[in-house]
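Single-letter residue listing:
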Amino acid sequence: MNSAEELKYLLPNSVISVGVQTNKPLAVIRKEDLLTVAGKVKEMGFDSLSVITGVDRLDRIEVIYNLFSYKKKQNLALKVILDHKSPEVDSVTSIWKVADWLERETYDLVGVKFNGHPNLKRILLPEGWIGHPLMKDYDMSIEQFVTIGEDGEDIVSTDGSNLLRRR
Amino acid sequence: MDPVTIDTTKIRITKRKPETALEKLEDTGLINTLLAAKDREGFILLTTVDQAINWGRLSSLWPVTSGLACCAIEMMATSMAHHDIARFGMEVFRASPRQSDLMFVAGTVTKRMAPRVKQLYEMMAEPKWVISVGSCANTGGPYHESYCVLKGVDNIIPVDVYIPGCPPRPEAWLYGIIQLREKIKNEGYGAKWGLNK
Numbered sequence: 491m492n493s494a495e496e497l498k499y500l501l502p503n504s505v506i507s508v509g510v511q512t513n514k515p516l517a518v519i520r521k522e523d524l525l526t527v528a529g530k531v532k533e534m535g536f537d538s539l540s541v542i543t544g545v546d547r548l549d550r551i552e553v554i555y556n557l558f559s560y561k562k563k564q565n566l567a568l569k570v571i572l573d574h575k576s577p578e579v580d581s582v583t584s585i586w587k588v589a590d591w592l593e594r595e596t597y598d599l600v601g602v603k604f605n606g607h608p609n610l611k612r613i614l615l616p617e618g619w620i621g622h623p624l625m626k627d628y629d630m631s632i633e634q635f636v637t638i639g640e641d642g643e644d645i646v647s648t649d650g651s652n653l654l655r656r657r
Numbered sequence: 004m005d006p007v008t009i010d011t012t013k014i015r016i017t018k019r020k021p022e023t024a025l026e027k028l029e030d031t032g033l034i035n036t037l038l039a040a041k042d043r044e045g046f047i048l049l050t051t052v053d054q055a056i057n058w059g060r061l062s063s064l065w066p067v068t069s070g071l072a073c074c075a076i077e078m079m080a081t082s083m084a085h086h087d088i089a090r091f092g093m094e095v096f097r098a099s100p101r102q103s104d105l106m107f108v109a110g111t112v113t114k115r116m117a118p119r120v121k122q123l124y125e126m127m128a129e130p131k132w133v134i135s136v137g138s139c140a141n142t143g144g145p146y147h148e149s150y151c152v153l154k155g156v157d158n159i160i161p162v163d164v165y166i167p168g169c170p171p172r173p174e175a176w177l178y179g180i181i182q183l184r185e186k187i188k189n190e191g192y193g194a195k196w197g198l199n200k
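Going line by line, the protein sequences match chains S and F.
Going by my numbering, the first sequence opens with residue 491, and the numbers climb by one from there.
Going by my numbering, the second sequence opens with residue 4, and the numbers climb by one from there.
A few of these clues could be false.
As the list claims (entries may be wrong) - Stretch by stretch, here's where chain F covers chain S in the computed footprint (C-beta under 8 Å, at least three residues):
| hint | segment |
| --- | --- |
| 1 | 596-604 |
| 2 | 643-654 |
As the list claims (entries may be wrong) - Straight line, CA to CA, 20 Å or less: simulated SDA-like cross-link-like pairs of lysine to any residue:
| hint | chain 1 | residue 1 | chain 2 | residue 2 |
| --- | --- | --- | --- | --- |
| 3 | F | Lys154 | S | Tyr628 |
| 4 | S | Lys626 | F | Cys151 |
| 5 | S | Lys521 | S | Arg594 |
| 6 | F | Lys154 | S | Trp619 |
| 7 | F | Lys154 | S | Val545 |
| 8 | F | Lys154 | S | Ser631 |
| 9 | F | Lys154 | S | Leu653 |
| 10 | F | Lys154 | S | Ile632 |
| 11 | F | Lys131 | F | Gly92 |
| 12 | F | Lys154 | S | Gln634 |
| 13 | F | Lys154 | S | Pro623 |
| 14 | S | Lys603 | S | Leu654 |
| 15 | S | Lys626 | F | Tyr150 |
| 16 | F | Lys154 | S | Lys603 |
To be verified - What follows is a set of in silico ranges between Cβ atoms, one per label pair, in the way DEER data are often shown:
| hint | chain 1 | residue 1 | chain 2 | residue 2 | range |
| --- | --- | --- | --- | --- | --- |
| 17 | S | Arg550 | F | Trp65 | 36 to 46 Å |
| 18 | S | Gly618 | F | Val52 | 44 to 54 Å |
| 19 | F | Ala80 | S | Asn503 | 53 to 63 Å |
| 20 | S | Ser584 | F | Ser63 | 51 to 61 Å |
| 21 | F | Ser63 | S | Pro616 | 53 to 63 Å |
| 22 | F | Ala80 | S | Lys626 | 37 to 47 Å |
| 23 | S | Pro616 | F | Arg90 | 55 to 65 Å |
Keep in mind the hints are simulated off the structure, nothing from the lab.
C-beta atoms are modelled at their ideal positions from N, C-alpha and C, and glycine is treated no differently.
Using the sequences plus the hints, can you model the full thing?
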């Protein structure tokens, strides 16, 4: 019995399906029960949240939590499936501290809103950037430029005349 | 023992090794209209102002210490003992743009880094030169379709020499540096300010 099947045995109502993704056990879970499942998973020994991935599947958005247990030397992936128009899910920062920056990155690039996050703002792109670039419907026709403001902050604009060289 | 016969046709007259400072200067080939006249007291050196100044500039190009991505690793390799850009008087990577003549744009120029690169260039004192290194800095390279990468650093600052490669090997760097030296050698004084042309 791998870790995903063990989770299915412990919480049969929260786990929708169990599978394998890139040779790692994967459990698809209901998004309402994410915090319950995450707490249970941490009790099982999965103390490290390696990375949070957001995927745009056109009709839905998937958020995948890749976990690792340093005690058992095992992997586990949790997947929640979110609505494409307004992707929202509970934040797991109360369970794994590292989720703070990982969730900010997922919010920045895919636009998933994490409820209960202490500081949900962009982490890689500057504030004011139009759109979330890893979404399939991101508008590539708008070219955006960054300039430095008076206080050293980043200013995003579609007008690059301050930055670009006149030729 | 048989007497050794010497084929006189194979003997070449080698150039005499330069000894005086004047001969050494002529030997570099940098100042080619060098004229020297023997005066009663000493030497009088005649050359053009352009050539003397250009010789001084290209013999001690000081690059600014800045690297943006993996091309900077090759920049480190170029500056190390094996490839040794100290031969060109360039080993002094300055930590301040105020003391630098040359900027290597070594790596991917992202949209967020672009105003910083431009600011760094503007902080350098004239005369200044820019070498754009690698596909990313030249055209955007593999990130040409990306939302966050500038499509060529020449969109924001003027570039003198482009070195292709991903990343270019140190030999390519040395070739690019030699091309820049050729360019500086042919520059007229004040050409950048439009006085000569």
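Inset, instruction - State the violated hints by number, sorted upward, taking the hints as numbered earlier in the document. - result: Result: hints 1, 7, 14, 16, 17, 21, 23 break, sorted rising.
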